[in-house]
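Going line by line, the protein sequences match chains A and B.
Under UniProt numbering, the first residue of the first sequence is numbered 1, with each subsequent residue one higher.
Under UniProt numbering, the first residue of the second sequence is numbered 1, with each subsequent residue one higher.
By construction, these hints were calculated from the structure, which means they are not laboratory data.
Since this is a predicted model, take the numbers as computed values, not measurements.
Beta carbons: idealized from backbone N, C-alpha and C, even for Gly.
Just to be clear, a hint being listed does not mean it is correct.
What the hints assert, rightly or not - Computed footprint of chain A on chain B, listed as stretches where at least three residues anywhere in the stretch have a Cβ under 8 Å from a Cβ of chain A:
{"#": "1", "stretch": "176 to 189"}
{"#": "2", "stretch": "232 to 243"}
{"#": "3", "stretch": "274 to 281"}
{"#": "4", "stretch": "284 to 290"}
{"#": "5", "stretch": "311 to 317"}
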Amino acid sequence: MSETDPYNNTDSLKDAVTKRQNSTAGDALDNARPGSPGPETSGSATPGPETAAVVLPRLGFIGSLRWGWRQLTSMRTALFLLLLLAVGAVPGSLFPQRPASPEVVTKYLQDHPDTGPVLDWFKLFDVYSSPWFSAIYLLLFVSLIGCVIPRAIAHYKAMRSQPPRTPRRLSRLPEYGTLEIPPDRGISAGRAIQDAAATLKSRGYRVEVRDAQSVRPSVGAERGFSKEVGNLLFHTALIGVLVSVALGGLFGYSGQRVLVEGETFVNTLVGYDTFTPGSNFSASQLEPYSVQLDKFSVTFDRESKAHYGQPLDFKASLTTKSSPSSPAQQQDLKVNAPVSLGGTSIYLVGNGYAPVVTVKDGNGKVAFQGPVVSVPSDGAYTSLLVIKAPDAKPSQLGFVGFFLPTALINDKGVAVASDPDPFNPQLNLNAYYGNLGLDGGQPKNVFTLDTSKLTQLNGRDLAAGGIVLSPGASYTLPEGKGSISFDGLKRYVALDIHHNPAQLWTLIFGVTGLLGLVGSLFLNRRRVWIRTGNHPDGRTMVEYGLLARGEDHRLAPEAATIRGLLEKRWLAPAADRAEDSNGVQTLTASSASTQSSTQPAGTGSATVGKDQ
Amino acid sequence: MPHINETFALYSERFMLLAAIAYAIAFIAFAWDLVQNSRTTKAVLEQSQQAATAASKKRVGAMSGAGSGSTPEDPYQETVLEGPEGRVQRPTFHAAVPAGGADGTAATADDSMRYGTTRRATARVAVALTLIAAIVHGAGVLTRGLAAGRVPWGNMYEFCTTGGFVVAAVFLIVLTRRDLRFLGTFVIGLVLVMMTAASVAFWTPAGHLPPALQSYWLIIHVSIAVMSSALFTLTFAMSVLQLVQSRRETALTGGAADKLPFMRLVPPALSLENMAYRINAIAFVGWTLTLMFGSIWAEAAWGRFWGWDTKEVWTFVIWVVYAGYLHARATRGWTGTRAAWLSIVGYLCVVFNFSIVNVYFAGLHSYAGIS
Ligand code: HEM
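Using the sequences provided together with the hints, build the complete structure.
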C-alpha cells in the first residue's frame with residue numbers, strides 16, 4: 001500500500017468506500033467559500049431555518065424580519081410556493097373564466113344560484129387575476145429575487161477568486177487516483193505540477209499552482225462557472241417574463257369586430273364591437289387604419305367520405321389602408337396567418353353567414369334593412385339569429401330563429417342543416433311585436449331577444465305557423481304588422497385585433513431563460529486538485545482528486561480523461577518499458593470503491609495496468 | 001391540398017394491427033422474464049435460507065462497523081445507509097458491483113444500468129420483438145402520414161398511435177445505452193394501452209387538417225411535446241420502481257425476507273433516482289420548449305401568447321410540477337422518495353392533460369377530432 005501511495009494514504013480504500021456517506025467531500029467545495037449563500041448549504045455552512053426557529057424569541061424585531069426573509073428565500077419555501085402555484089392554477093381549468101368566456105360564467109351563475117356566488121366570492125371565475133393567485137406568484141417572485149441576488153453576488157466573487165485550497169486528503173474526493181512517473185523520465189515534482197496545470201488549463205479549467213517550490217506542490221483547478229451563470233440567468237429571465245407580461249397588460253389593448261362582406265372597419269374606438277384597453281391605454285394610441293372585407297371564401301372537404309363537409313380553408317380577402325390617405329392594398333387574412341397593420345395584429349377567429357333581410361312595418365316603411373349576423377352552432381352552420389326593428393310603427397318588431405345554409409326536411413318534418421355550404425339557404429323565423437325593451441340605441445351584437453313584453457305573431461305552434469323564407473322570398477306578417485323579405489346572403493368574419501408592445505421582450509426573456517436553463521442543467525461545475533511529490537527512489541508520485549458541485553454523472557469519465565492526458569504527457573512513449581518493469585501502478589477511486597466489496601482490505605492496491 | 005391516399009390509409013391500419021400484436025407478445029415476454037427471474041431467485045433463496053440468515057446477521061454487524069462496504073449478498077445495503085441527503089452528497093455514477101450476486105441469483109441489476117454479463121434470453125427475445133413491433137409501427141405511422149399528406153399528429157387517434165411509437169422508439173434508443181429492460185413490461189404495456197385506446201375510442205379515418213391546425217408549429221410544437229412525454233413516461237416508471245425498491249431496501253436492511261425477489265432485476269433506488277433525474281432534466285427542457293412554441297403558435301393563431309385556456313393551464317401546471325421536482329432534488333429533505341412522488345404527480349398531470357383535457361374539456365384547443 002505505502003508503495004503506491006506517497007502520502008501516507010494507507011486508508012484510502014476505506015475512504016473510498018465511505019466517501020459516499022461522508023460529507024467531507026462536499027464540505028471541501030462549500031466550506032471553501034463560507035460566504036456562499038447557496039440554499040443547499042444553508043443546512044451545513046450557515047444556520048439552517050430549523051436552528052433559527054429555535055432561537056427566534058431572542059431575535060427581536062429586526063431579527064424576526066431577517067428570520068422571515070430567510071424563510072421566504074429558502075429553497076424549501078420556493079418549492080412550496082412552486083407546488084402551490086401549480087395547485088392554484090388548476091381551478092381555472094375546472095370553472096369557466098370571465099376573461100375568456102363571460103357568457104358561460106353568467107350562465108353558470110344562473111344555473112347554480114346556491115354555489116355560484118360562493119365560488120364567485122373565492123374568485124374562482126377570475127382565478128388568474130384573483131388576489132390569492134397573485135399572492136402566490138408575487139411571493140414566489142419575491143422569494144426568487146431574494147434568492148437570485150445573493151447568489152449572483154456570491155457567484156461573482158467566486159468567479160474572481162482563486163480555486164479553493166487543496167484538500168489535505170484528496171483520497172476522500174469522489175474521484176481519486178494516483179500516477180507514478182518513473183525516475184528515468186527526469187520529471188521532478190515541480191515540473192510535473194506545471195505540466196498538470198497546463199493540461200488542466202487546456203481543458204478549460206482555471207488553475208492555480210500552490211507551493212510550487214515545496215516538496216508537495218499542488219494545483220487547484222475549477223471550471224464550469226457558466227452552470228451557475230445559467231441558473232441565475234434562467235431565474236432572472238423568469239422575472240423578465242413576468243414583468244413583460246405585466247407591461248403588455250398595462251400598455252396593450254385588444255378588441256373584437258365582426259365584419260360582413262363589403263363592410264369596412266376603421267381602427268378607432270367606435271369601430272370596435274368590444275374593446276379591452278390596458279390600464280395605461282390612451283385612445284391616441286390607435287392608428288386610424290382601415291380594413292374592408294371584400295370576400296370571405298371557405299373550402300369544405302368534398303373528397304373524403306369520413307370528413308365530408310369539414311372546413312379545409314378559410315380565407316378573407318381584405319383591402320387595407322394604413323391611414324385614410326395611404327394607397328389601398330390587397331391582403332389575405334387566414335387562420336394562423338394574421339395581418340399586421342398600424343402596430344396591431346389582426347386575427348381571423350370566427351366566421352358565419354349574414355342573411356340580408358328587409359323588414360317593413362305596418363305603414364309599409366322600411367324599418368330594418370341589411371345583413372344580420374348569425375351565430376353558427378354546429379359544423380353544418382345551423383345558425384341562430386335575432387332581428388330587431390325598433391323603428392317599426394305602430395309596434396316594434398322582433399324576429400328569432402335560425403338560418404340553414406342547406407336545409408333538409410328530416411323524417412320528423414323538421415328542417416335541419418345538412419351542409420355548411422349554401423346549397424339551399426333557408427330562414428326559419430318566429431315573429432313578435434310589442435316593446436323590444438331597448439331603451440336608447442341598439443347595440444349591434446345582441447343575439448338575444450327579450451320576449452317578455454312581446455306578443456308572438458308567428459311560430460310552429462301558432463295558427464299562422466312559422467316563417468320560412470328562401471332567398472328572394474318575402475312574407476307578410478299577420479294582423480297587418482308588416483312584412484319581411486330574405487334578399488340575399490353574405491358571409492362575415494369575426495376579427496380579433498391585438499396590440500402588445502411588450503411581446504418581443506417576453507420572447508427575448510423566454511429565449512434567454514431557455515438558454516440559461518440548458519446551461520444550468522447540462523453544464524458541470526467541477527474542481528480538480530493534483531498534488532505531486534518526489535519519492536526517495538527517484539520516482540515522482542502524482543495524486544489527483546475531482547469533485548463536482550451537484551449532480552454530475554460525467555465526473556468519472558472526466559477523471560479518466562484527465563488521467564489519460566497526464567499519462568500521455570508523462571508516460572506514453574515508454575509504455576512498453578513501463579509494463580516490463582512494472583513501474584506503473586495505478587489505483588483509481590472507482591476501482592477501489594467497487595472492489596472493496598468483494599476483496600479483503602489491502603488487496604485493493606493490485607496493479608491495474610490501464611495504460612498498456 | 002393533396003388527395004387522401006386510401007391505399008396508404010389501409011396499409012397504415014394493417015401495420016398498426018400487426019404492431020399491436022407484436023407488442024402484445026413482447027409484453028408477455030417481458031412479463032415472463034420477470035416471472036422467470038423471480039422464480040429462480042426464490043428457488044435459490046429457499047436453498048440458501050440458512051446462509052441468508054447468517055448473511056443478514058453479518059450485515060447488521062457490517063452496518064455498525066466503520067462502513068466497511070456491502071456484502072455480496074446485498075448490493076443495496078450501501079445505498080440504504082446513506083440516501084442522497086444534500087445535493088453535494090449525491091453520489092456520482094460508478095462502475096458498480098458486477099451483475100450476478102454471489103448467491104447465484106441469475107441477474108442482479110447493475111448500479112450504473114449498463115448491460116451486465118449475464119444473459120437473459122427471454123428479455124432478449126422481448127427486446128427483439130419490441131424492435132420488430134416498433135419498425136412495423138413506424139411503417140404504420142409513416143403510411144398514415146403519407147395517406148394524409150401531412151404529419152400524422154392531428155387528432156386523438158394520431159396522437160395515440162404516433163405517441164405510442166415515440167414511446168417505444170425512445171425506449172429502444174435508451175436501451176442501446178442502458179439496460180432498462182426492467183421497464184419493458186411497463187413501457188410496452190403503456191404502448192399497448194395507447195394503441196388500444198386509439199383503435200377503440202378514437203378511431204378516425206385519415207383526413208385533412210382543419211384550418212386551425214394548418215401551421216408548421218403543429219410539426220414543431222406537438223412533436224416536441226410527444227417526445228418529452230415519452231421521456232416522462234420512462235421516468236414515471238423509474239420513480240414508481242424507486243418507491244417500491246426503496247421500501248424493499250429498507251425492509252431488507254431491517255432483516256426482513258425479500259418479498260419481491262423480481263425487484264432484483266431493478267437497480268437500487270438511488271440509481272433509479274439519479275437516472276430518472278437525468279432523463280427528467282432533458283424532458284423538462286423539452287417541455288419548456290413545448291410551452292414556448294405553444295405560446296408562439298397561440299400568438300400566431302389567436303393573437304395572444306397566453307390566455308389560460310384549459311390546455312395552456314395544464315401545460316403550465318405540468319411545467320411547474322417538474323420545476324418543483326428539479327427544486328426538490330436540490331432541497332434538503334426532499335430528495336429520494338418525495339422527489340419521486342413529484343415525478344409521479346407530474347406524469348399523472350401529463351396523462352390528464354393528454355386524455356381528459358383533450359376529450360372532455362372545451363377550449364380553444366378542441367382538436368381531439370372526435371365528436
Ligand atoms: C418562478 C419560480 C421558479 C421556477 C419556475 C424555477 C425553476 C427552476 C428550475 C427549472 C430549476 C432547474 C434548473 C437548474 O438546476 O438550474 C431551478 C433550479 C434552482 N432554483 Fe429555481 N425556480 C423558481 C424559483 C426559485 C426560487 C424562488 C429560488 C430560491 C429560493 C430558486 C432557487 C433555485 C436553485 C438554487 C436552483 C439550483 C438547483 C440545483 O442546482 O440543482 N428557484 N429552478
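Here is how each hint holds up against the structure:
1. With 0 residues having a beta carbon nearer than 8 Å to a beta carbon of chain A, the stretch 176 to 189 of chain B misses the requirement of three or more and the stated coverage is violated.
2. Remark: the stretch 232 to 243 of chain B is not confirmed as covered by chain A, as 0 of its residues place a Cβ nearer than 8 Å to a Cβ of that chain, below the required three.
3. For the stretch 274 to 281 of chain B, the stated coverage by chain A is satisfied: 4 residues place a CB nearer than 8 Å to a CB of that chain, which reaches the threshold of 3.
4. Chain A is given as covering the stretch 284 to 290 of chain B, and this holds because 4 residues of the stretch bring a CB closer than 8 Å to a CB of that chain, at least three being needed.
5. Counting residues of the stretch 311 to 317 of chain B whose CB falls under 8 Å from any CB of chain A gives 4; the rule of at least 3 is met.
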